[in-house]
Amino acid sequence: MAHRNGRFDCSRYPRFDCFTGRDKHYTGILLQRATIVLTLFFIPVALIWVYAEPRFVALGQDKSLSRDSAMFLTHLIPGGLGYIYFEILNAGLNYWFVKFSRFGVMGAPLATGIGYWLSFFGLLAYACFVEGHECWNGWNRRCLENLLAFSRLGFLRFVHLGTEFWAFEIVALGAGRLGPLPLASQSVLMTADQVLVTIPFGIGVATSIRVGGLLGLRDKAAAIRSVRTAIFLTIGVATSVMILLIASRSRFAAIFTPDETVISYTAGVLPWVALFQIFDGFNGSCGGSLRGMGKQNVGATINALSYYVVALPLGTWMAFSGWELSGLWIGQTVGMILVAGLELAAILSSNWDDEIKKAFQRIGA
Numbered sequence: 001m002a003h004r005n006g007r008f009d010c011s012r013y014p015r016f017d018c019f020t021g022r023d024k025h026y027t028g029i030l031l032q033r034a035t036i037v038l039t040l041f042f043i044p045v046a047l048i049w050v051y052a053e054p055r056f057v058a059l060g061q062d063k064s065l066s067r068d069s070a071m072f073l074t075h076l077i078p079g080g081l082g083y084i085y086f087e088i089l090n091a092g093l094n095y096w097f098v099k100f101s102r103f104g105v106m107g108a109p110l111a112t113g114i115g116y117w118l119s120f121f122g123l124l125a126y127a128c129f130v131e132g133h134e135c136w137n138g139w140n141r142r143c144l145e146n147l148l149a150f151s152r153l154g155f156l157r158f159v160h161l162g163t164e165f166w167a168f169e170i171v172a173l174g175a176g177r178l179g180p181l182p183l184a185s186q187s188v189l190m191t192a193d194q195v196l197v198t199i200p201f202g203i204g205v206a207t208s209i210r211v212g213g214l215l216g217l218r219d220k221a222a223a224i225r226s227v228r229t230a231i232f233l234t235i236g237v238a239t240s241v242m243i244l245l246i247a248s249r250s251r252f253a254a255i256f257t258p259d260e261t262v263i264s265y266t267a268g269v270l271p272w273v274a275l276f277q278i279f280d281g282f283n284g285s286c287g288g289s290l291r292g293m294g295k296q297n298v299g300a301t302i303n304a305l306s307y308y309v310v311a312l313p314l315g316t317w318m319a320f321s322g323w324e325l326s327g328l329w330i331g332q333t334v335g336m337i338l339v340a341g342l343e344l345a346a347i348l349s350s351n352w353d354d355e356i357k358k359a360f361q362r363i364g365a
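So that you can map any letter, position 356 of the sequence shown is 356 in full-length UniProt numbering, and since no number is skipped, the others follow by simple counting.
Each hint should be verified, as a subset may be incorrect.
Unchecked claim - Keeping only pairs whose Cα atoms sit at most 35 Å apart, straight-line, the calculated DSBU-like set for lysine-lysine is:
1. K220 with K358
2. K99 with K63
3. K63 with K220
Stated by the list, open to error - Just the calculated beta-carbon pair ranges, DEER-fashion:
4. S321 with P271: 15 to 23 Å
5. L244 with V105: 42 to 50 Å
6. W96 with A254: 50 to 58 Å
Just so you know, these hints were derived from the structure itself, not from any lab. All residues carry an ideal CB built from backbone N, CA and C; glycine is no exception.
Kindly produce the complete structure, drawing on both the sequences and the hints.
Printed below as a string of structure tokens:
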């Protein structure tokens with residue numbers, strides 16, 4: 001997921017500079033370039049999926065679970081490129097494949113792959129016949145130019161997004177080391193957080209699109225206004241989410257499990273998860289602003305330092321010093337506070353006239 005989102009996002013922000021500029025056909029060339037880079041980078045990802053079992057075992061996971069997980073990832077490979085090109089909800093297909101086909105559980109990754117390809121071709125048809133065709137002027141050799149620079153931009157976005165995803169996977173592995181109860185509680189919290197994170201992530205995507213487009217229009221005032229609006233919006237939304245989580249903490253986990261032990265244990269961790277949402281909201285808007293400004297390198301550096309120098313070491317130490325799962329989430333919260341603060345500082349210290357110049361340099365205008 002980090003690979004797909006990172007590579008896809010790396011093509012998104014230059015495109016909006018181009019789309020609001022004079023050369024709309026260059027947007028189509030960027031799409032071609034992104035397709036080439038995405039496909040090449042999927043090859044090592046597929047190899048990692050195929051040979052995932054020994055890695056899971058080396059990380060201390062159950063052998064049977066490691067084998068099934070590796071098999072699941074291997075079955076997901078045929079649909080991987082469709083997943084990279086676009087994403088879609090596949091509830092209907094998944095239900096049919098798992099419930100009625102002979103594939104059983106392994107039908108889920110196959111259904112997911114089919115859904116991704118259907119979504120990709122549907123989006124392609126929309127662009128060709130409804131809206132967006134003005135950006136396409138046929139395949140052009142220019143799509144092979146600047147592949148290295150384009151890949152660098154994508155890699156930085158990949159690191160920016162991936163460092164956060166990987167940190168949470170490491171937290172899940174740490175929870176597994178703490179025992180079955182913390183692991184069950186972490187499964188509940190991770191599922192909830194993956195739903196909740198779509199709110200700041202969506203705001204971040206909208207912010208990056210808006211900021212990138214306004215830089216392409218040379219509208220400094222509107223770009224600054226968009227950043228401020230996004231920050232205040234995320235504060236309001238994240239505060240509402242925090243209040244909701246704290247108010248419902250005593251029975252929140254009952255949405256996912258009837259086990260009273262898990263429900264009670266999760267209630268003790270939820271206040272830290274709720275506090276985390278405030279700063280994750282900041283990260284969504286500020287991170288989106290930085291991506292719209294083409295500063296993926298800044299976001300990647302901030303995430304890497306905050307999570308792997310501060311959050312994970314602190315959380316691991318606290319977890320195995322008696323705080324258990326709460327310690328892991330305290331570490332993540334401290335890391336997110338650092339991410340939000342440093343990203344906000346990077347935005348406030350930006351020279352917006354220079355950012356407009358850099359936006360046009362990125363598209364070669």
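Hint by hint, here is what the structure shows:
1. With a C-alpha separation of about 13 Å, the suggested pair K220 and K358 falls inside the 35 Å cut-off, and the hint holds.
2. With a C-alpha separation of about 26 Å, the suggested pair K99 and K63 falls inside the 35 Å cut-off, and the hint holds.
3. Proximity of K63 to K220 is assessed by CA-CA distance (about 56 Å); at most 35 Å being required, the pair is judged violated.
4. For the pair S321 and P271, the supplied restraint of 15 to 23 Å holds, since their beta-carbon distance comes to about 19 Å.
5. Taken as a hint, the range 42 to 50 Å is violated for the pair L244 and V105, whose Cβ atoms sit roughly 33 Å apart.
6. The supplied range of 50 to 58 Å is broken by W96 and A254, whose beta-carbon atoms lie about 29 Å from each other.
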